[in-house]
Structures are given as structure tokens and as C-alpha cells.
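Student: Just need the whole structure built from these sequences, with the hints factored in.
Here the protein sequences line up with chains C and P, keeping their order. Its first residue numbered 0, the first sequence is counted upward by one per residue in numbering that gives the first Met the number 0. Its first residue numbered 0, the second sequence is counted upward by one per residue in numbering that gives the first Met the number 0.
Please keep in mind that the hints were generated in silico from the structure rather than gathered at the bench. It should be emphasised that the depicted structure is a prediction, and the values quoted were computed from it without experimental measurement. Don't take every hint at face value.
Any copy, or any two copies together, can satisfy a pair, since identical chains are not distinguished.
[Claimed, not checked] Dumping the calculated EDC-like pairs for lysine to aspartate or glutamate here, alpha-carbon to alpha-carbon at most 20 Å: (1) LYS184 - GLU314; (2) LYS264 - GLU44; (3) LYS41 - GLU27; (4) LYS184 - GLU31; (5) LYS264 - GLU102; (6) LYS264 - GLU71.
Protein chains: 2
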Amino acid sequence: MRQAAIIGIGHSRFGRRTDVNLGELAFESIREAVQDAGVEKKQIENVTLGSAGGWYEESLPAVVVNEYAGFERVGTMRVEAACASGSAAVRSAYLSVASGEAEIALAVGLEKMTEVDTLTSVELMGRAGSYLWEFENFGMTFPAYYALYAVAHMKRFGTTEEDMARVAVKAHRYASMNPLAQFQKEITIQKALASQVVSWPLKLYDSCPITDGSAAVVIASEDVARRLSDTPIWIKGIGVSSDSANLSRRDDYVGLAATVDASRKAYSLARTTPRELDVATCHDCFTIAEIMAYEDLGFCAKGEGPRLLRDGQTEIGGSIPVNVDGGLKAKGHPVGATGVSMMVEVSKQLRGEAGKRQVQIKNGTGLVHNVGGTGHYCYVTILSRDR
Amino acid sequence: MRQAAIIGIGHSRFGRRTDVNLGELAFESIREAVQDAGVEKKQIENVTLGSAGGWYEESLPAVVVNEYAGFERVGTMRVEAACASGSAAVRSAYLSVASGEAEIALAVGLEKMTEVDTLTSVELMGRAGSYLWEFENFGMTFPAYYALYAVAHMKRFGTTEEDMARVAVKAHRYASMNPLAQFQKEITIQKALASQVVSWPLKLYDSCPITDGSAAVVIASEDVARRLSDTPIWIKGIGVSSDSANLSRRDDYVGLAATVDASRKAYSLARTTPRELDVATCHDCFTIAEIMAYEDLGFCAKGEGPRLLRDGQTEIGGSIPVNVDGGLKAKGHPVGATGVSMMVEVSKQLRGEAGKRQVQIKNGTGLVHNVGGTGHYCYVTILSRDR
Numbered sequence: 000m001r002q003a004a005i006i007g008i009g010h011s012r013f014g015r016r017t018d019v020n021l022g023e024l025a026f027e028s029i030r031e032a033v034q035d036a037g038v039e040k041k042q043i044e045n046v047t048l049g050s051a052g053g054w055y056e057e058s059l060p061a062v063v064v065n066e067y068a069g070f071e072r073v074g075t076m077r078v079e080a081a082c083a084s085g086s087a088a089v090r091s092a093y094l095s096v097a098s099g100e101a102e103i104a105l106a107v108g109l110e111k112m113t114e115v116d117t118l119t120s121v122e123l124m125g126r127a128g129s130y131l132w133e134f135e136n137f138g139m140t141f142p143a144y145y146a147l148y149a150v151a152h153m154k155r156f157g158t159t160e161e162d163m164a165r166v167a168v169k170a171h172r173y174a175s176m177n178p179l180a181q182f183q184k185e186i187t188i189q190k191a192l193a194s195q196v197v198s199w200p201l202k203l204y205d206s207c208p209i210t211d212g213s214a215a216v217v218i219a220s221e222d223v224a225r226r227l228s229d230t231p232i233w234i235k236g237i238g239v240s241s242d243s244a245n246l247s248r249r250d251d252y253v254g255l256a257a258t259v260d261a262s263r264k265a266y267s268l269a270r271t272t273p274r275e276l277d278v279a280t281c282h283d284c285f286t287i288a289e290i291m292a293y294e295d296l297g298f299c300a301k302g303e304g305p306r307l308l309r310d311g312q313t314e315i316g317g318s319i320p321v322n323v324d325g326g327l328k329a330k331g332h333p334v335g336a337t338g339v340s341m342m343v344e345v346s347k348q349l350r351g352e353a354g355k356r357q358v359q360i361k362n363g364t365g366l367v368h369n370v371g372g373t374g375h376y377c378y379v380t381i382l383s384r385d386r
Numbered sequence: 000m001r002q003a004a005i006i007g008i009g010h011s012r013f014g015r016r017t018d019v020n021l022g023e024l025a026f027e028s029i030r031e032a033v034q035d036a037g038v039e040k041k042q043i044e045n046v047t048l049g050s051a052g053g054w055y056e057e058s059l060p061a062v063v064v065n066e067y068a069g070f071e072r073v074g075t076m077r078v079e080a081a082c083a084s085g086s087a088a089v090r091s092a093y094l095s096v097a098s099g100e101a102e103i104a105l106a107v108g109l110e111k112m113t114e115v116d117t118l119t120s121v122e123l124m125g126r127a128g129s130y131l132w133e134f135e136n137f138g139m140t141f142p143a144y145y146a147l148y149a150v151a152h153m154k155r156f157g158t159t160e161e162d163m164a165r166v167a168v169k170a171h172r173y174a175s176m177n178p179l180a181q182f183q184k185e186i187t188i189q190k191a192l193a194s195q196v197v198s199w200p201l202k203l204y205d206s207c208p209i210t211d212g213s214a215a216v217v218i219a220s221e222d223v224a225r226r227l228s229d230t231p232i233w234i235k236g237i238g239v240s241s242d243s244a245n246l247s248r249r250d251d252y253v254g255l256a257a258t259v260d261a262s263r264k265a266y267s268l269a270r271t272t273p274r275e276l277d278v279a280t281c282h283d284c285f286t287i288a289e290i291m292a293y294e295d296l297g298f299c300a301k302g303e304g305p306r307l308l309r310d311g312q313t314e315i316g317g318s319i320p321v322n323v324d325g326g327l328k329a330k331g332h333p334v335g336a337t338g339v340s341m342m343v344e345v346s347k348q349l350r351g352e353a354g355k356r357q358v359q360i361k362n363g364t365g366l367v368h369n370v371g372g373t374g375h376y377c378y379v380t381i382l383s384r385d386r
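Tutor: Here it is in C-alpha cells:
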């Protein structure tokens, strides 16, 4: 494969964005990414939009985005991998460059979820579970799915509600340092524990919010990256896996098999190991998901996630800082934008441009973990400062 | 780029498929394509599903398909480029192989449109136009969009309703020779002209039907293709373009600029010209669309489409046989499946396996033209018997 690197990053403000329409919201990050890359818009050879859709009325968001951003005659498509749509878009742009089809390609992640009310949103997402069986028959939605995992993890490993609350407290602390995050206020463990139960043991503060937002990355070939960028962030490997939508068919409920599989593939492609990572973004749609991700990605042994967290190892200064941008939990989770937002954050960290949230970069390697559904899809991407 | 070839093709019966669910419908073509390729399912490294969605209740069709087909832990995603989603899926699988990511990848096209009633379907498609302006304000749906083009073409070039009816008669004739086609009966020009007006000058027989169906292709690297296949069909070039969703912003209404642009890109990549093509499938969602495609793809000069048709040049035995599988018009148009179905047909023709519909193969080159919306997206793919 040809080498390819992220040479431009852009990120909208996340939150309730009634001030912009779909095209405008996407353009906030596209403009920034294209400027950051130092390219002209006309040099972008193709665009991939990651968006799950269903919330907004336009049924061809890729066309809306291309038109608003002024990509006339530029080839485009939308990709969907549920909440991992953003990573799938990055993979598509990467393959275009890695194959030699394009020298410069753009991946955009976008979702505008507050176009519908929260209950409709929860239903729309719930339908992405096992629609005909678990959703229709048992009324399962995503808080309930992840609650099953939380209960199993508690029973098997003694994980507590307080452990989960710690994930939320960490997320809000870093979000308060990220001006683009949806939530800007710190919370306490007490506040998290006292919040409304959504699906026991998961409470309001265990759950990511409904968010509008976009993020974009410009991906270039080695020749272009070396010419245009002083800080190219190389895509070293993308591992992808999938799993049954029917939770009744899963082997256990203490981790996501798709994460284990996708991360093994990614580490192998990138010829690296969890120990060499300086920073990671993990798919914390619910707090238990972040704890399971530590284990499934190999940051610690199975069942040791809560201890890793309690020891502060996933904070800035720890062995593997995770979601120091606020994560899905507090930065927000505009479904299709999330994976691209993660790429932006890890790129920023590896470039050393994360300001007061900057982690220490030793090996120059970072990881993006992006899950669709309850591990129906999983995309793991390894990024590196070094070619 | 690495070379890549289609080494396996599969195609479900098109029509009203209330006898199967979404997974079963996809599996009909997946099983056939995998068997045709002579590979084991476990050799498939990734799956891309082309499906526009919105008709069926499952919101993650790629997951449903992967699970039903038994692709455990295999990476997947869904791609959407409206009615060109199938070609976009083929491009994704192609890039995976051409980049070196995979040796063998699968592209599946799928749509199950009869899950909703016809009016809902027409509305769902209409929303894919210019949603906030032309759909909401003027009630434009796709028959109306293409009717604007038909009227402009009639006024500028003297094209007649009878010319358009000829496209339908040709489509039904070839569909009657294709056991997988939705319509199995020939029609006459008189019958087409006497059919109900949908949006003048387009009538019932100028319009493609609502269809359920799937198609699949297995794409392999040169090494694998040479080892496993006696008849690999090489992907020589994929050109992609886009256009404004607002018809009010188009330059004219006698052709699709995205088709002209995408085909130029494809011819250039494949180093070929329209003259060297032995066969083509064109996006005939309405009869006028096939006539415009002849011109936009360079099969004849602008305005000469009706004459090319009248002279029988786009029939078997003519200079460039088009849609001899029945086309969208009579084979049917299950949105996401259509582009993949076109790849299956052109591959079959280039292999010399099209039976009584076989065209004469001289140069061994064919073209797939797949449009999304009214040229919002356009994908043109050149296939060849020769590496």
C-alpha cells in the first residue's frame, strides 16, 4: 500500500447547533481542514461523508455537503457504519489515496441529531440494534444494551457504579478544557451517582448526549504530505471487524469481540503494540464502554479496567491517556462525526498542538477506537508521527 | 494502482420479493457470487453494502447482511450514493483490493423497496432531490425532474414521445429474454404511448418500476484473479462526478453534466474511447435518461440519441448495445442493487455467458453508467476482458 497521512484537520463546535443548517455545519470543519492542509479546494479529488442519517430531512447529505462546500464535479458518497461512520469515512478516503486513485482526498463526519426530539432520537438509535427481535419484542434501546454489559462486568469483576462515575468525571474535566466540547462544566462522582437512572446501573451521567457537529480530515499521499506538511500524521493501519446484532448470540457480556479483533488487526498492520501508544480515543458512548475498551484494546488485562482508571493511568500523565478531549460522554457524540473527531484529536495530540490538554508524546503513536452499535461494527485506526 | 478484477458474479431475481427478508434477499446473490468465484466465504476480507435504505425497518442493513451471510468478524460498511449506491460499493471493494488492503473483497447491492407502498416510495425518492427547495415548495419528485429534461430535449432536438417509447419497447424485449428481470412481457410502441401519463411527457412505460433485488461481485487482486479465474473481468477505471441537487442551478436540461464528467474521467483512466466499447448498461430510470446517456457518454453527438436508437445501433447487433438485460426500465431498479447488477451484466457479456442476449465481443470492453438522483452523483466504470 502507498503511505498516506492526515495533513489537515478541522472540527466544528459540538452541541445543540440550531444556528446552522446541515451544509453550514459541515463547512465549519471542511474550511478549517482545507486551510490547515494548505491546499486549494480544487485539489481535493474526492469526498467521503460519514453520516448515519435519519435525523435530518435531506436524504442525500453527501450531495448537500458537496454543494454547500463548493466541490463542483467532485466525486462523493456517504458511508454508514452506525456510530463508527466517521472512521469508515476516513478509511474510504485513506484507501483512495493508498491505492493511488487520488493524491488528496477529504473525509467529513457529520450529524445533526437535534433536528428531532430526544425520544425520537433514542428510538432511531434503538432500531440500529437487533431491530426485529430485541428492539421490537423487548423494547431494547442502547442504554439497555450497554446496561446488560455493565451488570455482567460488575458481577464478574466487581466493577462498581463509582468506577463508572469516574469515567464521567474524567470526561467532563477534560471537556471543560476543550472549547469545542458540548459540556463545559466539571462534575463530581457524587453528582454522577445521584443522577437519574436511565437503565440501571447506567445513569444520566453514564450516557453520552445527543449532539450536532462535524469534523474533517484531509488525507494525502506521501509525496504531497512531505511537500505540504511539517507535521503529517501517518495512517499506519486500520482494523475493521463486525459482530452479530443479536446480543442473544454473543459469547459473553464483559467485552466487545469486534473491538478485540479490530484492534489485533490494526496493531498487526501498524506493527505496534498497546504499550507503544502515547494517547487514545475510545468509544465511550456509555461509561462502561470505556472501561471495556481499555481491556479489549489491551491497555490492561480483562477485568483490570476499573483499576487502570482508579490508578489514574488513563489521565494526562498516566501510561495511556484516554479521551482527554472529553470523549463522546462530554465532548458530545454526533454519530457520523465522532470517528473523524477522534482522528482530529489524536492528530492534534501527536502534532503537540493540544494546548493545556497536551499529553506527553514519546513514541509518537496514537489509537482511535470507534464502535458502531454494541460492537456490530468496530474500526480501530493507528496514527503515527513517524512514517 | 494494483490491478483488480471481478472474479465472481451473483444476481437475485428482481421483482416484488415478499418471499424473502432482507438478509435472505442479499444472500441469494452473495452465495452465487462466492461460488462463481470459487472462493471460500472465509477468504472474503471485507464486505461493502450498497443500499440507499429508508424502505425497510432495519437501520443497519450491512450488519443484517453480514450476519445472515455468515461473515463473522469481517469488516463491513454501507455506502450510499442514491441510485448509484451499487457502483459506489463496487468502487469501495475495488479500492480495498487496488490499495493492497485486501486480496479478495465483496461488493453487494441491495434494496427491498416494496416494504412500503408505492406512494411512500415515490416520496422517499422525491426527498432525494432538492429537499428544502424543489421538493418542499414545488412538490417535485423524480418523474417530474426527468420530465423537465424530456421537454427540453424535445424542444431543442425534436425528440418525440415515440422516441422515448422505443427505449421502453427495447427494454421490455430484452427483459423478456432475462429470467431474472421484473417484467417478462414485450410491449408495443402503441401500448407505451397509450399508457397513463405520470408527468408529461413521461408515462407509465417511460418509468422504471419499484423493485426488490440484490446483486454481488467478488473482486480480487491480479495474483488471485489469475490463479482462480479463467475469465477475470478487469476494472480499468472508475470515474465519479457530482452536481447540484438544485435543478434551478443547472446550465441546461438536455443532458447530465455529471455523466459527461464522470465518463471522461473513466475513459481517461481506462485509456479507451466510446468507439471501443462492445456493450454498455446505462442508467435508464426514465426513457429520456437513456437517450441523454447515449449522448453524454459519447456514443453519439448531443441531440443524436433518438437517431442512434431509431437506427437500432443500441440493440444487439448494433454499434453499441445498451441495456440488453432489460435495463432499470424492465429488469427493475432496486436502488442500491442496480449498479452491482450492471457490473454483473457487463461481466457476463464480456465473458460470453449471456446466452440468447449475448452481444458480439470485439474489443472486450464494456461500460457501466450509474446515476444517483438527477445526476447528483454519477459513477462510470469501464470493465475489460483484457488486463
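Student: Each hint should be assessed against the structure and marked as holding or not.
Tutor: Hint check:
1. In this homomeric assembly, LYS184 and GLU314 come within 20 Å of each other (Cα to Cα) only inside a single copy, at 17 Å, whereas the closest approach across copies is 69 Å.
2. In the homo-oligomer, the alpha carbons of LYS264 and GLU44 lie at most 20 Å apart only across protomers (12 Å), although the nearest pairing inside one protomer, at 29 Å, exceeds that limit.
3. With identical chains, the CA atoms of LYS41 and GLU27 are at most 20 Å apart within one copy only, with a shortest distance of 18 Å there and 42 Å across copies.
4. Taking the closest pair of Cα atoms, LYS184 and GLU31 never come within 20 Å of each other, the shortest separation being 26 Å inside a single copy and 56 Å across copies.
5. Taking identical chains as interchangeable, the C-alpha atoms of LYS264 and GLU102 lie at most 20 Å apart only when they sit on different chains, with a minimum of 15 Å there against 26 Å within one chain.
6. When the C-alpha separation of LYS264 and GLU71 is checked against a cutoff of 20 Å, the pair qualifies only between copies, where the shortest distance is 14 Å, while the shortest distance within a copy is 37 Å.
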